[in-house]
Amino acid sequence: MTLEAQEIRVRYGRREALRGVSLTAEPGEVTAIVGPNGSGKSTLLGAIDGTLPHRGHVRLNGQDVSGQPAWKLAATRAVLPQASRLAFPFTVIEVVRIGLQAGTAGDRPEVPMQALARVGLAHYADRLFQDLSGGEAQRVMLARVLAQVWAPVEDGAPRWLLLDEPVSSLDIAHQLQVMEIARDFARGGGGVLAVMHDLNLTALFADRIAVLAEGRRVAFGPPADVLTDDTLSRAYGCALRVSAPPPADIPFILPHAASA
Amino acid sequence: MTAITDPLVPPRDRLSRARALHWMLAAFLLLCALASLQVGAADVTLTALLGKLVSGEALSQMERVVLFDIRLPRLTMGILVGAALAVSGAAMQGLFRNPLADPGIVGVGAGAGLGAILAIVLGALLPAWMQELTGNHLTPFAAFLGGWGSTLLLYRVSTRHGRTSVATMLLAGIALGALAGALSGILVYIADDRQLRDLTFWGLGSLAGASWAKVFAAGPLILLSIGAALMLGRGLNALALGEATAAHIGINVQRMKNIAILAVAGAAGAAVAVSGGIGFIGIVVPHLLRLRSGPDHRTLLLNSALLGASLLILADVIARVIIAPAELPIGIVTAVLGAPVFLWILLKRRGMVET
Numbered sequence: 001m002t003l004e005a006q007e008i009r010v011r012y013g014r015r016e017a018l019r020g021v022s023l024t025a026e027p028g029e030v031t032a033i034v035g036p037n038g039s040g041k042s043t044l045l046g047a048i049d050g051t052l053p054h055r056g057h058v059r060l061n062g063q064d065v066s067g068q069p070a071w072k073l074a075a076t077r078a079v080l081p082q083a084s085r086l087a088f089p090f091t092v093i094e095v096v097r098i099g100l101q102a103g104t105a106g107d108r109p110e111v112p113m114q115a116l117a118r119v120g121l122a123h124y125a126d127r128l129f130q131d132l133s134g135g136e137a138q139r140v141m142l143a144r145v146l147a148q149v150w151a152p153v154e155d156g157a158p159r160w161l162l163l164d165e166p167v168s169s170l171d172i173a174h175q176l177q178v179m180e181i182a183r184d185f186a187r188g189g190g191g192v193l194a195v196m197h198d199l200n201l202t203a204l205f206a207d208r209i210a211v212l213a214e215g216r217r218v219a220f221g222p223p224a225d226v227l228t229d230d231t232l233s234r235a236y237g238c239a240l241r242v243s244a245p246p247p248a249d250i251p252f253i254l255p256h257a258a259s260a
Numbered sequence: 001m002t003a004i005t006d007p008l009v010p011p012r013d014r015l016s017r018a019r020a021l022h023w024m025l026a027a028f029l030l031l032c033a034l035a036s037l038q039v040g041a042a043d044v045t046l047t048a049l050l051g052k053l054v055s056g057e058a059l060s061q062m063e064r065v066v067l068f069d070i071r072l073p074r075l076t077m078g079i080l081v082g083a084a085l086a087v088s089g090a091a092m093q094g095l096f097r098n099p100l101a102d103p104g105i106v107g108v109g110a111g112a113g114l115g116a117i118l119a120i121v122l123g124a125l126l127p128a129w130m131q132e133l134t135g136n137h138l139t140p141f142a143a144f145l146g147g148w149g150s151t152l153l154l155y156r157v158s159t160r161h162g163r164t165s166v167a168t169m170l171l172a173g174i175a176l177g178a179l180a181g182a183l184s185g186i187l188v189y190i191a192d193d194r195q196l197r198d199l200t201f202w203g204l205g206s207l208a209g210a211s212w213a214k215v216f217a218a219g220p221l222i223l224l225s226i227g228a229a230l231m232l233g234r235g236l237n238a239l240a241l242g243e244a245t246a247a248h249i250g251i252n253v254q255r256m257k258n259i260a261i262l263a264v265a266g267a268a269g270a271a272v273a274v275s276g277g278i279g280f281i282g283i284v285v286p287h288l289l290r291l292r293s294g295p296d297h298r299t300l301l302l303n304s305a306l307l308g309a310s311l312l313i314l315a316d317v318i319a320r321v322i323i324a325p326a327e328l329p330i331g332i333v334t335a336v337l338g339a340p341v342f343l344w345i346l347l348k349r350r351g352m353v354e355t
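Going line by line, the protein sequences match chains A and B.
If you count the first sequence from 1, position 83 lands on 83 in our numbering, and the numbers rise without skipping.
If you count the second sequence from 1, position 35 lands on 35 in our numbering, and the numbers rise without skipping.
The set of hints was computed from the structure by calculation and includes no laboratory data.
Fair warning: there could be bad hints in the mix.
[Claimed, not checked] Derived DEER-like restraints, expressed as beta-carbon distance ranges:
1) A:M1 / B:F216: 54 to 60 Å
2) A:K72 / B:P220: 31 to 37 Å
3) B:L170 / A:S243: 50 to 56 Å
[What the hints assert, rightly or not] Example chain B residues on the side facing chain A (calculated, C-beta under 10 Å, incomplete):
4) F96
5) D192
6) L239
7) H248
For each residue, glycine too, the CB sits at the ideal point set by N, CA and C.
Could you build all of it, start to finish, from the sequences and the hints given here?
Here's what the structure looks like:
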């Protein structure tokens, strides 16, 4: 019962964006994918969620996803895209309800409001989605995704959240809120696979980290093993030092020190 | 039209409101249908006929012909065409994720126009037995083939490896439209005066040629296509979030596209074939309904069918009475009424957004 990607290869025209990347995400854990721009993070997620044509195999709870009908996959995993544009003037609650219809909690009409409350936007239910700020829209989309897989475990099988840069347009308080939601989902027995940009948040919330560079996996393991001077410096192509405090006269703000 | 007063509906109960609207619009359609049977060039009114029926008097031959052979098929045709155009519009807007899309976007209009012009201008060149066989159904038949054919062509062009690109379809549609326009232009150039007149009137649209034969020819296809389109509500809602997200939500996106495109080609193609070019219904009707009860396609498609049918037969009533005993092409009526209403809504909306 894992989410397993095996030897994933993706080509964009002549360019090989992923050159055989494998990783296994465990239920009960937050697995993060990090790496520099263009390293193939979102491409890997796109291959795993079935959006991008690829070579290699993806197994969801032991079953190969290729050939499985969309509705069946939708009952087991939900995908949060990087950005969402909505074509028509739906309200916030209507958008979340679209997620509910997709999942298996369709007979529980209270779930969309609970999902909205979870992301702190219950009072926005009747607003038009198009009028929201970028960060608010992203949280509403997270609520939609949560409504789709509301229970982290169903019929004894874990469900999965695939998140593509879930905190990219959020302020620091909401970054923490969203990452806590992801961690709670994992603690509840579900699995989370997230593409992350922020290394500090990743260090704080991920149980396992895959580092990509130039379409290859250069490291995979728990934060303490992966987030090292050497690995990061090589992956990002600049000299990085982990857990080194900056010079005394420059202030720094780390999510590690935040408390609600 | 009473159903379009306040765009600022509290969204919370939009779904139940949209469902209540089914019944209001059905009642409105019934009213419009009665009006359509009541008035016309001949001095026969529904009320007088009902009076006769109540008193047990027999209908005269003329009354029977007017009611059963002229007004009733025309009314039926109007309902079918109006519903087909409005549902096609709503479905295309959902598929292209653009409130300005209409059946023309998949080449129905251009192809049907070319087919009709071919039939009108070159129909006389067909061997006599073929002309006899097709009679005056040649133009609608050619229009339908043209609309259907160009849609399928566009669809083939924009589908690769089993995936249809709506963006390619849009661009290819523009190219195909220009090509059809040029071919039509050549035919117009060689047409004689009578043919030019026929062409112009075909382009303006009319229900005047309605007959039971046409109803039975176009009706089944239109009903089937509308029925298929009505099943797309949930999928089109999901598609509003984008193709990738719709797939993640569990929608078989490619199958939905197939159904939507074929349904629109069938419904709009048949509607254009029997009635000519009737504009504005496909864009205005879904737009009005979205303002009233939100964009949820689960209710929007059926409401569009009901309102589209009502407005088209209402426009037909106006077309018949306004310069009686002659009648105006209905496309003129829908444009003259539809365009100002559309502008008024846009201006009102803008005013509300700015204040």
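Now the hints, each set against the structure:
Distance hint check: the CB atoms of M1 (chain A) and F216 (chain B) are about 58 Å apart, consistent with the given range 54 to 60 Å. Checked against the given bound of 31 to 37 Å, the beta carbons of K72 (chain A) and P220 (chain B), roughly 35 Å apart, stay inside it. As the Cβ distance of L170 (chain B) to S243 (chain A) is approximately 53 Å, the hint placing it in 50 to 56 Å holds. Contact between F96 (chain B) and chain A, as hinted, is supported at the beta carbon level, the nearest pair being about 9 Å apart and thus within 10 Å.
Interface restraint check: D192 (chain B) against chain A, minimum CB-CB distance 47 Å, threshold 10 Å, status violated. For L239 (chain B), the interface hint holds, since its Cβ comes within 10 Å of a Cβ in chain A; the closest pair sits about 8 Å apart. Restraint check, H248 (chain B) versus chain A: the minimum CB separation of about 4 Å is within 10 Å; hint holds.
This entry does not satisfy hint 5, going by the numbered hints stated previously; all others are met.
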